[in-house]
Amino acid sequence: MTVLEARGLIKDYRGIRAVDDVSLTLEHGRTVALVGQSGSGKSTMARLLLQLERPTSGEILLDGEPVARRGKRLTLYRRTVQMVFQDPFASLNPYHDVEHHLARPIRLHNPKMSADDVHRRVLHLLERVRLTPAAHVARRRPHELSGGQRQRVAIARALAPEPGVLIADEPVSMLDVSIRLGVLNLLATLQREEDLGVLYITHDLATARHFSDDILVMYRGKIVERGPADSVILDPQHDYTKTLADAAPNPDRRLAR
Amino acid sequence: MAANPIALDVPIPRRRVTLPPLTAKLATGLIIGAAIVLFGLIGPLLVQDPSRVSDVGLAGPSAEHLLGTTQTGQDVLAQLAYATRGSLIVGAIVGVLTLALSAFFGIVGAYAGGWVDEAFSLFTNIMLVIPGLPVVIVISAYVADRSLLLVSVVLAITSWAGSARVLRGSTLSLRSRDYVLASRVAGEKRWRILAVEILPNLIPLLASQVVFAVIFAILGEAGLSYLGLGASDSFTWGTMLYYAQNGLALRLGAWWWFVPPGLMLALFGAALSLINFSIDEIINPKLRSQTRAARRGWRMSREQLRKAKESTL
Ligand SMILES: Nc1ncnc2c1ncn2[C@@H]1O[C@H](COP(=O)(O)OP(=O)(O)OP(=O)(O)O)[C@@H](O)[C@H]1O
Ligand SMILES: [Mg+2]
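Those protein sequences? They're chains G and C, same order as listed. Each step along the first sequence adds one to the number in full-length UniProt numbering, with nothing skipped, and position 69 is 69. Each step along the second sequence adds one to the number in full-length UniProt numbering, with nothing skipped, and position 224 is 224.
Hint data in this document are derived by calculation from the structure and do not stem from the laboratory. For glycine and all other residues, C-beta sits at the position ideal for the given N, C-alpha and C. Treat the hints with care, as some may be off.
[To be verified] Which residues of chain G face chain C? A partial, calculated answer using Cβ under 10 Å:
#1 His28
#2 Arg30
#3 Ser38
#4 Leu50
#5 Thr75
#6 Gln86
#7 Asp87
#8 Ala90
#9 Ser91
#10 His100
#11 His109
#12 Met113
#13 Ser114
[As the list claims (entries may be wrong)] List time: in silico BS3-like cross-link candidates among lysine-lysine, alpha-carbon distance up to 27 Å:
#14 Lys112(G) - Lys189(C)
#15 Lys25(C) - Lys72(G)
#16 Lys72(G) - Lys112(G)
#17 Lys242(G) - Lys222(G)
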């Protein structure tokens, strides 16, 4: 039962304020969408939450406790908070096979597990992301897989340490339109099965509404609007959200008119 | 929704290292290179003492002296064998030192980042602008007793910086790749990320830098020796040329004295360059897609390839 909370996060890059006073909470079992245009600071927010970068100010709390930057508690944090990257062509190491990508996180977080058990877990993970026959996929290297298959491997890797929170930074934007829905549905299924808290970062209001409980709208580093998915989309308050909502195709609104 | 099933019929070998495809270029390079290395290793064991003088001076190739003799009646083949060994030792020492120095200052610096990177790259840049050959000449001129080791170390110290720069650039780009971030997110230790996630992807580049350093070292040593500033205790291709030049071999038409070392130099340089081209094709796939070998690899004729290109455009 994990709760990840960000309070007043600020991140400056040489004069640019990429993230400006953002607070958000990710709870198990809930999906929060973070939408905003390109350059609004969404990925920066993801990197801060994953402790890949330090915030200029503000704090991150895991289950009410400030996060650690080293030692055992960082290991625990790494185990609890996982990420799916945007570009499946860049997020897998071309030198290593699929097995390596999944076995490493399992080993790291279960140092005493036997090699056989690790291998079995790898196969199980591959089956869970519907990559079958698993034994065969495990021996492939990334360049032998399609974009969708790679992204499934990336999802399996994120699930390997059995996290409580998953941050997905535009997980389907690099994929062909025809397979996006499949990957998103898979994420939704896994989220339900594992009771994950998910931060779904996207440009796309339609999938944000469909797949998440709450929506946060980010504009130039600030959260300009937040609330339950339907109300943010159907009844936008901030000017920027209105333009976004108007630009997105929305069958409900057309019917209501 | 199920993903596309993955074809079952192709057996996949579990390959860890990307070896360059064995093209004609690579094969030629490897065969010539291996033959010369073998000669350098075994040759000295089979021939007579290269310094032994006799009274058959400046004789052409004969059954007794397969490559003739020098002015003082020394056997050229014996000298060539020892010279090959000497030149290869220079190449090996410089190769290893360049690998160590450039990997340390280039890769480790760039990966550590922050002030370590600043300090390392400042040092690298200073070493880079120090003009190599003049310094080597000055040092060699001051030290009277120059061993092969000294010459090699001096050559290595003045030549590693370029490689370090190249490696630093690639490491900087690799360390911010998503897969490196992903292994940080997985909780991988920093040194392990460097050793297991980054380094393997640098192997082709490292290999090509080392091969280049070896070519540079052997040619550089030959240049120094030819100027009379090389090792004073060993034979190398360069010292052979130097003695041939001093002995007026060219003017006297004693081709068997200067052609063998010159030819060995040219052949070994060419062999290493051919190997390097093949490594370059892994580093830069754009080069590969233009070679005939790649097309044959796909089992496509030029015609088929053109059609395939049209249909994908
Ligand atoms: N490492 C960095 N150094 C300097 N500026 C940065 C860095 N990373 C991001 N920025 C800046 O921060 C701002 C936010 O970038 P970010 O990548 O978070 O946007 P984003 O919302 O993810 O955009 P997109 O939808 O295109 O992915 C941008 O103006 C960007 O130029
Ligand atoms: Mg982004």
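Output the numbers, in ascending order, of every earlier hint that fails for this structure.
1, 2, 3, 12, 13, 15
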